[in-house]
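Novice: Listed below, chain by chain, are the residues.
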Amino acid sequence: AQSVSQHNHHVILSEAASLELGCNYSYGGTVNLFWYVQYPGQHLQLLLKYFSGDPLVKGIKGFEAEFIKSKFSFNLRKPSVQWSDTAEYFCAGRGSQGNLIFGKGTKLSVKP
Amino acid sequence: NAGVTQTPKFQVLKTGQSMTLQCAQDMNHEYMSWYRQDPGMGLRLIHYSVGAGITDQGEVPNGYNVSRSTTEDFPLRLLSAAPSQTSVYFCASRKTSDSSYEQYFGPGTRLTVT
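So the sequence lines, in the order shown, correspond to chains A and B. Take any residue in the first sequence, note its place counting from 1, add 359, and you have its number in my numbering. Take any residue in the second sequence, note its place counting from 1, add 79, and you have its number in my numbering.
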């Protein structure tokens, strides 16, 4: 079955710490992977996406993710987080119904 | 372009009431879909449509109806609201020819059923 799993439910970091959020997917065929961010009370915003080419993808707000096919992973990274990065982060992959399949989300709290 | 718009932003219903959540997009996207977001569950697909006149069920369709009479609009109907339908609802659309598979999301409707 297709699935996307996120390793961490809640991550707490201090400002300037480095961030890595784990995401694993399990499905065959064409790979389309995404990271979305949802700030408190806000809608989903696309951070970055991968569908072909360079497996290291750079997104907005200094985020990047690396697609590693052998590990079925698409981890999100940021070298130095800020208080304003406090949000919930969702990894998503291509579904079989034209949709996206979402992980359960990781809440990131950044302490000033 | 307004992108994907949803109305209302907030709604409170009593158990048993019916209502329609509106979704519209002005990007001429063929594919439209509805998701619900619940704490700790991510987003789950309710219904989707690949074009006008064509709809199908997603992962959690029970208690919801959809129709797609135009390319632009994809309303979601709650037939008889239940407390279990308290959630945040997102509409999304995408261009089927876009190889990136990117979906464009609306701002969401927060629904509370008492």
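No lab work stands behind these hints: they were computed from the structure. Even for Gly, the Cβ is constructed at its ideal location relative to N, Cα and C. Honestly, I wouldn't trust all of these hints.
Between beta-carbon pairs, the in silico distance windows are [claimed, not checked]:
{"id": "1", "chain 1": "A", "residue 1": "P399", "chain 2": "B", "residue 2": "D177", "range": "40 to 50 Å"}
{"id": "2", "chain 1": "A", "residue 1": "E425", "chain 2": "B", "residue 2": "T99", "range": "41 to 51 Å"}
{"id": "3", "chain 1": "B", "residue 1": "V129", "chain 2": "A", "residue 2": "S362", "range": "41 to 51 Å"}
Here are the simulated BS3-like pairs of lysine-lysine, each with C-alpha atoms no more than 27 Å apart in a straight line [said to hold, decoys possible]:
{"id": "4", "chain 1": "A", "residue 1": "K430", "chain 2": "A", "residue 2": "K408"}
{"id": "5", "chain 1": "A", "residue 1": "K470", "chain 2": "A", "residue 2": "K430"}
{"id": "6", "chain 1": "A", "residue 1": "K420", "chain 2": "B", "residue 2": "K174"}
{"id": "7", "chain 1": "A", "residue 1": "K417", "chain 2": "A", "residue 2": "K463"}
{"id": "8", "chain 1": "A", "residue 1": "K470", "chain 2": "B", "residue 2": "K88"}
{"id": "9", "chain 1": "A", "residue 1": "K470", "chain 2": "A", "residue 2": "K428"}
{"id": "10", "chain 1": "B", "residue 1": "K88", "chain 2": "A", "residue 2": "K428"}
{"id": "11", "chain 1": "B", "residue 1": "K93", "chain 2": "A", "residue 2": "K408"}
{"id": "12", "chain 1": "A", "residue 1": "K466", "chain 2": "B", "residue 2": "K88"}
{"id": "13", "chain 1": "A", "residue 1": "K470", "chain 2": "B", "residue 2": "K174"}
{"id": "14", "chain 1": "B", "residue 1": "K88", "chain 2": "A", "residue 2": "K417"}
{"id": "15", "chain 1": "A", "residue 1": "K430", "chain 2": "A", "residue 2": "K463"}
So, partial list: chain B residues that the calculated Cβ filter (under 8 Å) puts toward chain A [unchecked claim]:
{"id": "16", "residue": "F89"}
{"id": "17", "residue": "V91"}
{"id": "18", "residue": "G119"}
{"id": "19", "residue": "G130"}
{"id": "20", "residue": "Y143"}
{"id": "21", "residue": "N144"}
{"id": "22", "residue": "S178"}
{"id": "23", "residue": "S179"}
{"id": "24", "residue": "Y180"}
{"id": "25", "residue": "P186"}
{"id": "26", "residue": "L190"}
Novice: Hint by hint, say whether it matches the structure.
Specialist: Results of checking the hints against the structure:
1. A/P399 <-> B/D177: 40 to 50 Å: Given range 40 to 50 Å: violated, Cβ gap about 30 Å.
2. A/E425 <-> B/T99: 41 to 51 Å: Given range 41 to 51 Å: holds, Cβ gap about 43 Å.
3. B/V129 <-> A/S362: 41 to 51 Å: With a Cβ separation near 23 Å, B/V129 and A/S362 fall outside 41 to 51 Å, so the hint is violated.
4. A/K430 <-> A/K408: Measuring from Cα to Cα gives roughly 18 Å; hence the hint holds.
5. A/K470 <-> A/K430: violated (31 Å)
6. A/K420 <-> B/K174: It holds: about 25 Å lies between the C-alpha atoms, which stays within 27 Å.
7. A/K417 <-> A/K463: holds (23 Å)
8. A/K470 <-> B/K88: Given pair A/K470, B/K88 is violated - Cα atoms ~30 Å apart, limit 27 Å.
9. A/K470 <-> A/K428: violated (33 Å)
10. B/K88 <-> A/K428: Since the Cα atoms of B/K88 and A/K428 sit roughly 39 Å apart, the hinted pair is violated (cutoff 27 Å).
11. B/K93 <-> A/K408: Roughly 40 Å separates the two Cα atoms, so the pair is violated.
12. A/K466 <-> B/K88: holds (23 Å)
13. A/K470 <-> B/K174: Violated, because 39 Å separates the two Cα atoms, which is more than 27 Å.
14. B/K88 <-> A/K417: violated (32 Å)
15. A/K430 <-> A/K463: Measuring from Cα to Cα gives roughly 20 Å; hence the hint holds.
16. F89: violated (11 Å)
17. V91: violated (17 Å)
18. G119: holds (6 Å)
19. G130: violated (11 Å)
20. Y143: violated (15 Å)
21. N144: violated (17 Å)
22. S178: OK, holds: B/S178 within 8 Å of chain A, min 6 Å.
23. S179: Since chain A brings a Cβ to about 5 Å from B/S179, closer than 8 Å, the hint holds.
24. Y180: Result: holds, 4 Å to nearest chain A Cβ.
25. P186: Hint holds; B/P186 Cβ to chain A Cβ min 4 Å, cut 8 Å.
26. L190: Result: violated, 15 Å to nearest chain A Cβ.
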